[in-house]
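Residue numbers (our numbering), protein chains in the order written: chain L, 10 to 372; chain U, 23 to 149.
No lab work stands behind these hints, which were simulated from the structure alone.
A few of these clues could be false.
[As the list claims (entries may be wrong)] Listed next, the in silico EDC-like pairs over lysine to aspartate or glutamate satisfying Cα-Cα at most 20 Å (straight line):
no.	chain 1	residue 1	chain 2	residue 2
1	U	Lys-129	U	Glu-33
2	U	Lys-85	L	Glu-260
3	L	Lys-295	U	Glu-64
4	U	Lys-124	U	Glu-97
5	L	Lys-142	L	Asp-131
6	L	Lys-87	L	Glu-221
7	L	Lys-295	L	Glu-342
8	L	Lys-87	L	Asp-71
9	L	Lys-87	L	Asp-114
10	L	Lys-367	L	Glu-54
11	U	Lys-138	U	Asp-25
12	L	Lys-295	U	Asp-107
13	U	Lys-85	U	Glu-64
14	U	Lys-106	L	Asp-298
15	U	Lys-85	L	Asp-350
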Amino acid sequence: MVVTAARTPLYEEHVRLGAQMTNFGGWVMPLQYSTIREEHRAVREGVGLFDLSHMGELRLMDESLGQRVVSRDVTRLKPGRIQYALLCNEKGGIIDDVLVYAVADGGYLLVVNAGNQDSDFDWIKAQGTQSTKVLNVGRDWTLVGVQGPRAVGLVQRLTTADLGNVKYYAFVEGTVADVPCVISRTGYTGEDGFELFCGNADAVGLWRALLEEGKSDGIRPAGLGARDTLRLEAGMRLYGNDMDANTNPLEAGLDWTLNLDKDFIGRDAIIRAREQGLSRVLVGFKMLDRSIPRHGYSLVNDGQRIGTVTSGNVSFTLGYNIGMAYVPPALAEPGTHFGVDVRGTAAPAEVVQLPFYKRPHPK
Amino acid sequence: MADLTSMRFAETHEWVMKDGETATVGISEYAQSQLGDVIYLELPAVGQQLDAGARLGVIESVKAASDLYSPVGGEVTEVNGELKDHPEYVNQDPYGKGWIIKLRAVKDNPKLLDQKAYDAFVEGQSH
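Excised from the complex, chain U in its bound form (with noise of 0.2 Å):
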């Protein structure tokens, strides 16, 4: 299990795992309940320039399809390959096989929310 307690999320339900100059980004669980069956993800170019909330793809349910922004600005250093076939990781395991998109050259977005802060939001939301 990963550790919640170190990522920042985002109002938009993604979250973000910084390490040093590289960050790893997802959704969040409370997303991929929302969203139900993920079916399909557009993923941006491996050297793509994201600004921070910028759109990074869209993420495909039987649902609905819904758009990924990025929390941090950044450039793509990799797009999880594994989710082509296996899109359902991201509802399995949102936290861990379920990751997005990796970035380098990561600038700080002070807007984030720590897990307690985005607990209490998504509280929020759900009433």
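So here's chain L without its partners, still in its complex pose (with noise of 0.2 Å):
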């Protein structure tokens, strides 16, 4: 059987600017255009162009539901803001990590990983009834991520709309180059910016007119590559890396996601998981010697396995090697140091708090 991976909207855009595709979650994606360090770069100094179709986009038309299926409180989410949340399994485990948008008209949208779109779908309809309205609307969407400290500028250029009055995890409607867009200012950067819902129709066009008028701030289409190197020193997990169906949210430190005093699935395994105590803990740490931490790497300590690395690369504006890893709560603490089996050698290492990057505040 061959299984072939979907293409957005702007496939051909992608290979026409020369991008190298990889396969994720189900989708055929650019992994980069040029190199990952100029695209990292650009979003950290001038501005990058992210194809983000990929990700899933579901309507939940029900507030009672999405207050039993979403971790935080929906119901004091105002029209116009976006919450990030979990979705959790009766034991607690991670089944995805979602932002919840408060749609006007009623209801939600969640914005989900693509390659669970379609099993975060099944599952939110099976916890409601037959006549529960849940919508799995990603394939007739496609998603554009505008990140970088010259985002606003330029966006604002192709736009009436105010964008000083859309706050950060807000959104308004509105066109963007004429397209009708869904405006929202949110990102997996690190950087300032915004994520552009369109038609598929419209994809080409809207695309196409942010490369131009990016131009004068040097903008860069961006792949998967840069997304993965960006999100990792904003200390932002990844699905599927960082945490999965068999992780805690109070272990992956996403506490903040959790409204507790509300009932939602996969609340009282977690409330256990408290009382009981956690046995590991997501830390961030940076290398101290030039080898690179990978996914799956073992971490030792006095010749001990002591946890598990879950991302790792080069920080190209750290100019060091960091990454993140579960290890138990006593070697938690920032400044802990301990190796990273590197090829059969316990590369030194340090525990550091994260985020490892924040981008400066505006002046």
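Quick one: dock chain against chain with the hints and give me the complex.
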């Protein structure tokens, strides 16, 4: 059997721009156009353009169902605002991490990970009744990320919407380059910027208009390679790497995404886990030599295996190598030293505070 | 630009340029383009004996860590120390300043490909 990865409406644009393509979450996506280093720098210093159409979108009309499946209190979310939250199973394991949008005409939009889109949809439907309205709309929409210190100015030049009034984790509807969009001040890079949702038919027009208008900002199309090195510096977890259905949100350091004073699926198990005490927690660490930690490498301390690296790479911005790993709570304090088993050698590493990188505050 | 016609290539994408009993080893243009941004190399000690096809070290790019193999047997006489601070030379100039090691007492390896055969091999790989 040959499983064909789906193409986004921007596939031909990526090919034309000379992208190296890769399969991710059931989609064929650009990995890089030039080099990951250059695309990473463009986002930190100027602006980068991402095709994020592989992300899934679910429309959920039922408030009480939303309240049951999402880890945060969605009823407190005002229309036009967004929260980062989790979907958990009965055991408190993380099924997915999602963005919840409170839509003005009722209900919620959930932006979910590409590879989980259909399983999330099935799971949410199964928690509701026959009449529950849940729509799997991800394949009807294109999502484009415009990220970097010059992103807000760039998008503002292409829209009449007053973006100064769109706070971080808020959204408005408007047109960008005459294309009707949901303009969302969110991202996965650690920089300011927007994620723009539009209909598939408008995708190429929007993409080209952003590249054209962004020329004066030094815009670069950026692929999943840079997206991964950027999110790692920003300390953002990657579902499937840093957490999965066997990870408790408390272990993943995502306590702040939980409203334990309301009922949601997994809440009781999470409270029990907290009472019993955690056996491992996610930490950030930096390498003290030049070795590169990778997903799956073991951590060692006094000859004992103490944990596992979940993400690791070079930090282009900081100039050293960084990673995230699960360790026993006793070894989680910043300044703690341990080894990363890199091909049989214990390479020295030190626990540091997450995130590794925080963007400078605007003046 | 290096003279590629006098080089020999391994199917594991290393090149070797012989000069009498000594030889220089690096990775091909195709290899560097597939690896992407090279960020670290783990290289052998000077004096180490390598057999043809033996692992000589590890090359790490942003994407992954990959093994490097010696296309010919010989004794390591030099490693490219510049790569410690400038691993990107492997991307920028794989046949020039991105060379990786030098060997002496080199033994021939009849399994290596000339440029034409290597290009055909790469062409076959990418389809």
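Verification of the supplied hints:
Using a Cα cut-off of 20 Å, the hinted pair Lys-129 (chain U) and Glu-33 (chain U) holds, with the two alpha carbons roughly 18 Å apart. Between Lys-85 (chain U) and Glu-260 (chain L) the alpha-carbon distance is near 27 Å, which puts this suggested pair outside the 20 Å criterion. Distance check on the hinted pair: Lys-295 (chain L) and Glu-64 (chain U) sit about 19 Å apart at the alpha-carbon level, within 20 Å; holds. A threshold of 20 Å between alpha carbons decides the hint, and for Lys-124 (chain U) with Glu-97 (chain U) the separation of about 8 Å falls inside it, so the pair holds.
With a C-alpha separation of about 12 Å, the suggested pairing of Lys-142 (chain L) with Asp-131 (chain L) holds against the 20 Å cut-off. Between Lys-87 (chain L) and Glu-221 (chain L), the direct Cα distance comes to roughly 35 Å. Violation of the 20 Å bound is thereby established for this hinted pair. The suggested pairing of Lys-295 (chain L) with Glu-342 (chain L) holds, with an alpha-carbon distance near 13 Å, which does not exceed 20 Å. Taken as a hint, the Lys-87 (chain L) and Asp-71 (chain L) pair is honoured in the structure, with Cα atoms around 15 Å apart against an allowance of 20 Å.
At most 20 Å may separate the alpha-carbon atoms for a hinted pair to count; Lys-87 (chain L) and Asp-114 (chain L) meet this at roughly 12 Å. Taking the CA atoms of Lys-367 (chain L) and Glu-54 (chain L), the gap is about 13 Å. The hint holds against a cut of 20 Å. A distance of roughly 13 Å separates the Cα atoms of Lys-138 (chain U) and Asp-25 (chain U); the hinted pair therefore holds under the 20 Å criterion. For the given pair, Lys-295 (chain L) sits about 19 Å from Asp-107 (chain U) by alpha-carbon distance, which is consistent with the 20 Å threshold.
A distance of roughly 16 Å separates the Cα atoms of Lys-85 (chain U) and Glu-64 (chain U); the hinted pair therefore holds under the 20 Å criterion. Restraint check: the Cα-Cα separation between Lys-106 (chain U) and Asp-298 (chain L) comes to about 12 Å, which is no more than 20 Å; the hinted pair holds. Simply put, Lys-85 (chain U) and Asp-350 (chain L) have alpha-carbon atoms about 18 Å apart, close enough for the 20 Å limit, and the pair holds.
Violated hints, listed in ascending order, are 2 and 6; each of the other numbered hints is respected by the structure.
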